[in-house]
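2 protein chains.
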Amino acid sequence: MLSKNQIKSLTGLKQKKYRQQHGLFVAEGVKTIQELLSSNLILQQLYTTVTFHLDTNLETLISESDLKKISSLKTPNQALAVFNIPEMEILPESGFILVLDDVRDPGNLGTIIRLCDWFGIENIICSEQTVDCYNPKVIQATMGSITRVHVSYTDLKTYLSTTKLPVYGAFMDGDNVYTETLVSEGVLVMGNEANGISEAIEKHIKKRVSIPRFGAVQATESLNVATATAILLSEFKRR
Amino acid sequence: MLSKNQIKSLTGLKQKKYRQQHGLFVAEGVKTIQELLSSNLILQQLYTTVTFHLDTNLETLISESDLKKISSLKTPNQALAVFNIPEMEILPESGFILVLDDVRDPGNLGTIIRLCDWFGIENIICSEQTVDCYNPKVIQATMGSITRVHVSYTDLKTYLSTTKLPVYGAFMDGDNVYTETLVSEGVLVMGNEANGISEAIEKHIKKRVSIPRFGAVQATESLNVATATAILLSEFKRR
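If you're matching them up, the sequences are chains A and B in order.
This note's numbering puts the first sequence at residues 1 to 239.
This note's numbering puts the second sequence at residues 1 to 239.
By construction, these hints were calculated from the structure, which means they are not laboratory data.
You may find that some hints are simply not true.
Cut-off 30 Å, straight-line C-alpha distance, at most; resulting in silico cross-link-like pairs (DSS-like, lysine-lysine) [what the hints assert, rightly or not]:
(1) K8/A x K206/B
(2) K237/A x K206/B
(3) K137/B x K69/A
(4) K16/A x K137/B
(5) K137/A x K68/B
Computed footprint of chain B on chain A; a stretch qualifies when at least three of its residues, placed anywhere within it, have a C-beta under 8 Å from a C-beta of chain B [stated by the list, open to error]:
(6) 21-31
(7) 204-214
Under 7 Å between C-beta atoms, here's a sample of chain B residues computed to sit facing chain A [claimed, not checked]:
(8) S145
(9) L223
(10) S234
Keep in mind it's a predicted model, so treat the numbers as computed, not measured.
Quick reminder that beta carbons are idealized off the backbone N, C-alpha and C, glycines included.
Generate the whole structure from the sequences, applying the supplied hints.
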């Protein structure tokens, strides 16, 4: 049985403050945990209702009711694991890099990480206000892709003012992405769900691109940031 | 003040059974309601904490606490309106039609309706097991696009076996969509979140298309149905 203190420290990891303080994050569900175990991530402890046949120091068998107490899910899925948050790597300077300027919704970030995995994009650089990629809802939505895509957080103004890569940005009034010259090595900036790319970041963007709207004049104002990212990454990669 | 019976019948509309029985659905939030009011939809009743200056027979001013009782939202947004579900139209036989085979997640359907609005696709035909487009979470996610995109429900086997349009379907092992010949008038079938397109429907598909994966061998197994739909609609429309 888990002690009150154990439950408290595990549920504390739902909060970014505690994740950063302890350098730990939580993943749930047998399939996600198995994906994470087969990566370079370091397991701290596994709490499970079914044995994974790991070293017994790392595996603790618990009851369904204990799992319910520590889970973030409405329907807990057999196991919860605590992993070390990997060391922040040096910011990438080559290849294709996706930059997120204040994406706030965990589901959107999770979907975007999964999209990058699909399109072979290894690096995402986020503004410090972007939702934490170790948020349990993000981890859930990535379906294991978090092990193959590096997500870094930094001051975007500094990063974008020093990068030598061409910087593209998604805007409502940019040039038609279908006819624009795109590059295989570059940076693509996507903005916040409600406000798009912020003014401070806009200054650093060399090419403004848009997805043309085919609908009626009164059609939807904008696309969701995850679906817009899907379409733009598809355009950059297919050429 | 709303009576217990009024609250009961309004909250009942969260369920498909009651929506169908009464031919009514609910929309929430000032912006969504305004979009719906400016469409062909027929308003049955508006319950609001701020006046819309409508005919007083149709507008009922209520308290925040009453709104909380009838709302499906965690943070109710000033108003809730009840509209008539429009009459089922005749299934379209021309143009570009999106077909959904058992898409179950309300957020996915809402995002897909918004995508169709963006790309000027006026018709979606759903299997009877697809989530109801008048589900409050779908209405919320469409951001008003439900007024410009017609969503019909029917037996897909019958529809697909009689249509004269070319039928495309999204599969994991289809032909590369980037190099395939696509058409401006046709049907594109998207499958269920977990199981893809069902066997019974697969028989009616003439062209199987896929979005190529650029990531490592062990990369993510699949894309979310809404992001895959975004990429495929972009491919069909840009040519």
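The hints, checked one at a time:
This hinted pair does not check out: K8/A and K206/B have alpha carbons roughly 56 Å apart, beyond 30 Å. Between the alpha carbons of K237/A and K206/B the distance comes to roughly 27 Å, so the proposed pair stays at or under 30 Å and holds. A threshold of 30 Å between alpha carbons decides the hint, and for K137/B with K69/A the separation of about 28 Å falls inside it, so the pair holds. A C-alpha spacing of about 28 Å is found between K16/A and K137/B, which places the hinted pair at or below 30 Å, so the restraint holds.
Between K137/A and K68/B the alpha-carbon distance is near 26 Å, which keeps this suggested pair within the 30 Å criterion. Given a C-beta distance limit of less than 8 Å, the hint that chain B covers the segment 21-31 of chain A is violated, as 0 residues qualify and 3 are needed. Counting residues of the segment 204-214 of chain A whose CB lies closer than 8 Å to any CB of chain B gives 4, which reaches the minimum of 3, so the coverage claim holds. The restraint placing S145/B at the interface with chain A holds, with a minimum CB-CB distance near 5 Å, inside the 7 Å limit.
For L223/B, the suggested interface contact is upheld, since its CB lies about 6 Å from the closest CB of chain A, less than 7 Å. A cut of 7 Å between beta carbons decides the hint on S234/B: the least distance to chain A is about 4 Å, and the hint holds.
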